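One-letter residues, chain by chain:
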Amino acid sequence: MNPPSIGLLIEITARTLAVCLPALVISLAVGLPIGIAVGRRRFAGRGALVSLINTGMGAPPVVVGLLVYLALERNGPFGNLAWLYSGQAMILAQLLIALPLVVGITLAAVGSLDEDWELQVRTLGVPPRWRLWLLVREIRLSLLAAVITALGGILSEVGAVQMVGGNIEGETRVLTTAILMYTQMGEFEHALGSAAVLIGLMLVLTGLLTAVQQSGRA
Amino acid sequence: MLRSSSREREAGVSSAPAMTRSQFLPLLLGALVALACSDRRPEEGDLLLVTTTSVRDSGLLAALLPAFQQRTGIRPQVVAVGSGAALRMGIDGNADVLLTHAPDGERELVASGAAVSRTPIMENYFVIAGPPEDPAQVRDADSPADAIRRIAETPAPFVSRGDDSGTHRREVALLKEADLDPAGGWTGFASSGAGMGQTLQIAGERRAYVLSDLGTFLAFRERTGLVSLSEPTPSLRNVYSVLRVNPNRLEPARAKRAEQFEAFLLEADTQRRIAEFGRERFGRQLFLPLHLDPRARP
Amino acid sequence: MSQATILSVRDLRVELRSRRGSFVLTADALDLCARETLVILGPNGSGKSTLMRVLAGLERPVGGKVTSAATGPVTMVFQRPAPLAGSVVHNVRVAFLGKKRSGAELRDRIDEALARFQIDHLAQHRAATLSGGELRRLALARAFALRPAVLLLDEPFAGLDAEGQAALSLDLRRAISDTGVAVAMVTHDLRRAMLIADRIAVLIDGRLAQVGRRDDVIEKPSTPEIARVVGMTNLVQGVVVKERRGDCALVEIDARHRIATRTGLAPGTRVWVGIRPEYLKVDVGRGDVDPIGKGVVREVVNDGVAITVQLDWAGTELRTYLMAGRGLARTLRAGVPVSLSASPEHVHLIPVASNGSAAASDASRRAL
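Residue numbers (the working numbering), protein chains in the order written: chain A, 1 to 218; chain B, 1 to 298; chain C, 1 to 368.
Everything labelled a hint here was simulated from the structure, so no lab data went into it. All figures in this text were calculated on a predicted structure; none of them were measured in a lab. Any given hint might turn out to be false.
Said to hold, decoys possible - Ranges between beta-carbon positions, derived for each pair: (1) A/6 with B/113: 33 to 41 angstroms; (2) A/40 with C/22: 17 to 25 angstroms; (3) A/40 with C/158: 22 to 30 angstroms; (4) A/48 with B/269: 54 to 62 angstroms; (5) B/59 with A/192: 29 to 37 angstroms; (6) A/55 with C/128: 30 to 38 angstroms; (7) A/48 with C/112: 49 to 57 angstroms; (8) C/18 with A/208: 39 to 47 angstroms; (9) B/107 with A/188: 21 to 29 angstroms; (10) B/185 with A/192: 24 to 32 angstroms; (11) B/104 with A/6: 28 to 36 angstroms; (12) C/29 with A/42: 30 to 38 angstroms.
Said to hold, decoys possible - Examples of chain B residues toward chain A, derived with CB under 8 angstroms: (13) 81; (14) 191; (15) 202.
Unchecked claim - Footprint (simulated), chain C over chain A, 3 or more residues, beta carbon under 8 angstroms: (16) 113–126; (17) 129–137.
Note that beta-carbon positions come from the ideal geometry of N, C-alpha and C, so glycine has one too.
So here's chain A without its partners, still in its complex pose (with noise of 0.2 angstroms):
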């Protein structure tokens, strides 16, 4: 086995973001809407719709992961894709895991303001568009939780990229999967390489957002 290049491990890390910052960015495109709609609105069916979500907050990624597996297979509903072991099935995968939590907790964000909140800024005279714009303000913070949370889940993610990327070198190769692949290998010096790069990614990119936490909260 050769020796993992600094380029190697490089590559390995820029493959990581272009996974997860991709699944990051469609969650919270996709999440946003719908936590502060349901959020928002009463409807029928609605406190089923909250039970799910939170579930889907809990859910096991492993379990994500099979779920991902069995609907890509050759022989699975969306087998024709032909997206089992690619990037499109990690990212599909991580998407996953990470949409409840960006609903779940931006749906939190929106109920704990007040009850009236919405009635008051209406009768304000305040237009539908401008009352979106105050309420995304008025939950900034536990928006940016959100992001804190899902990009941490996901970075960290292991079991279900592994099954549904398959660890392909240069192709599906995370360093999540890169570290599992090192530890089974008896190779623990890259696989400590390779972990210090995630953590290092870690606390960047939530340092990063943190600090804009607090700056706003300030």
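Put chains B and C on the given structure of chain A with help from the hints.
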């Protein structure tokens, strides 16, 4: 834990009112901790057996160990990893006895003094598997090396274990024999860095060629739709050996148990079980024992 | 008070369903006129806040209609104003989102509104750090900055201490009279209502029970329930008798107690006699003009401003107030016999309903 269980007894004997929540929680936690610890702590009679994954995943160990435990009272802890990792655990003294299939590495381990003996126990043959349509015409190859060369020249997809396991080492040996870069390098060559099962699944998805041990290949044959395209030739021979770690590095009791395990594997009864193994599930023999009287072979 | 109706409710029916059950609010007719202040009184759960929300257009009625002739904004200040993230100024500016106003005009309006409610020194503070009273002032300032035609106030004094209530009610009264805004206000604080109200509407159990000029409603409630809401807490049953005293009718409570009144009802009518505590006079001497008999002091409570005296009289309990510091206050203590009197024009009669509410009246007499 002792204290909490005696407290529990007191609560039961005296006419104390129903346990309050503040009492119950520490008790529950204590019980959980005790449960977790009891599973972790190696007990007298234990043996740390590090094996290659194919031996465990094929179910062979599960078929053999009850007899060993019954006869000796030893309950081995089994850690299944790639052979490369297994050998390294041997070097680092994180194992009492090894069961691997990487002959060159095993010999180095003995030469270095980390292990004192290497005894071949059983063998079978690696399988070059691929899609039935066989685009690289591996079926017509003269030798395994020729088969690999055909795959590389086509070029056809190939999924490598890439994890320094015994199987991966054999891949590397075949690539070298075929005068190819051990890291592959042709279009379609992929390194999974995963276990045999997942590597076979990836190969199945990609209609790719793959080198596999016989047991795992058979276990995944239906799921992947791959077929065996190779003959059992000497260069695909796959020998599993037991290695005893140097007793100087072990507690004497453990070294003795490692010897007992080695002896157990060589017993005629065990060898017969190995020979029988696999017929029920796969309809064929998976491992050929090496210490069975030829006349007694099934 | 102008007669131009600015907000009008007809045949209103609102149904609310919640986990705790359903609630129905009805109101036959309720008008809010330009430049007037209408105070809506009622016990807890009588539907005051719901009526507010209907007037604000935040709740949709299932029947009837609310018509508005307002030419300016109709806005509402909630019982618990929610601070928005950001400064006090930002919280006021929010009211102008989506409305085109020049920066200078905006600044003028905001400064004026903050000064009106004496929170201009807090302009740059984060709204979330304000106290409950400051927050209420902020919400009122924001509402006034909009220059509303109609202002709806839901319990604007709730949760404030006595001093805060007094200060805020004075500022609010000044702001209302300066701007001439029409105000509908919900409260169960009778004293603040008296200070501000031109007219009073009373809600009982989800029904608009009485509406009229302030003094009419306060002095002539049409049912005992309304009487209790507007502070006519001295209520006792009797019968109008034939004899008269001068030009006053007489109501017999029992064999030894009769009360003179100017309210004209046919002899033999069973009535509730209502006397507001402030009109019930008490004296340790021989008794005054308009005597209604002897009573005994049961309890004297002094809160520093006013003294509340509970009295036993004719088998029921009456209440009256004295100013603290008066000489009489010092001689009154539990067990002291006193003479009671009430001027006939302040003795209000409510015929006892002959229908189903008689049972309710019995129940409320027991409560007395």
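Hint by hint, here is what the structure shows:
1. A/6 with B/113: 33 to 41 angstroms: For residue 6 of chain A and residue 113 of chain B the Cβ distance comes to about 35 angstroms; the hint holds.
2. A/40 with C/22: 17 to 25 angstroms: holds, 23 angstroms
3. A/40 with C/158: 22 to 30 angstroms: holds, 26 angstroms
4. A/48 with B/269: 54 to 62 angstroms: holds, 59 angstroms
5. B/59 with A/192: 29 to 37 angstroms: holds, 34 angstroms
6. A/55 with C/128: 30 to 38 angstroms: At roughly 33 angstroms between Cβ atoms, residue 128 of chain C and residue 55 of chain A fall inside 30 to 38 angstroms, so the hint holds.
7. A/48 with C/112: 49 to 57 angstroms: Cβ of residue 48 of chain A to Cβ of residue 112 of chain C: about 50 angstroms, so the range 49 to 57 angstroms holds.
8. C/18 with A/208: 39 to 47 angstroms: holds, 44 angstroms
9. B/107 with A/188: 21 to 29 angstroms: With a Cβ separation near 24 angstroms, residue 107 of chain B and residue 188 of chain A satisfy 21 to 29 angstroms, so the hint holds.
10. B/185 with A/192: 24 to 32 angstroms: Roughly 28 angstroms apart at Cβ, these two residues keep to the hinted range, so it holds.
11. B/104 with A/6: 28 to 36 angstroms: Because 29 angstroms falls inside the window, the suggested range holds.
12. C/29 with A/42: 30 to 38 angstroms: holds, 31 angstroms
13. 81: Cβ of residue 81 of chain B sits 6 angstroms from chain A, so the hint holds.
14. 191: Holds. Min distance 4 angstroms.
15. 202: holds, 5 angstroms
16. 113–126: Three-residue rule met by the region 113–126 of chain A, so holds; n is 12.
17. 129–137: Per the Cβ count (5), the hint holds.
This entry satisfies every hint, going by the numbered hints stated previously.
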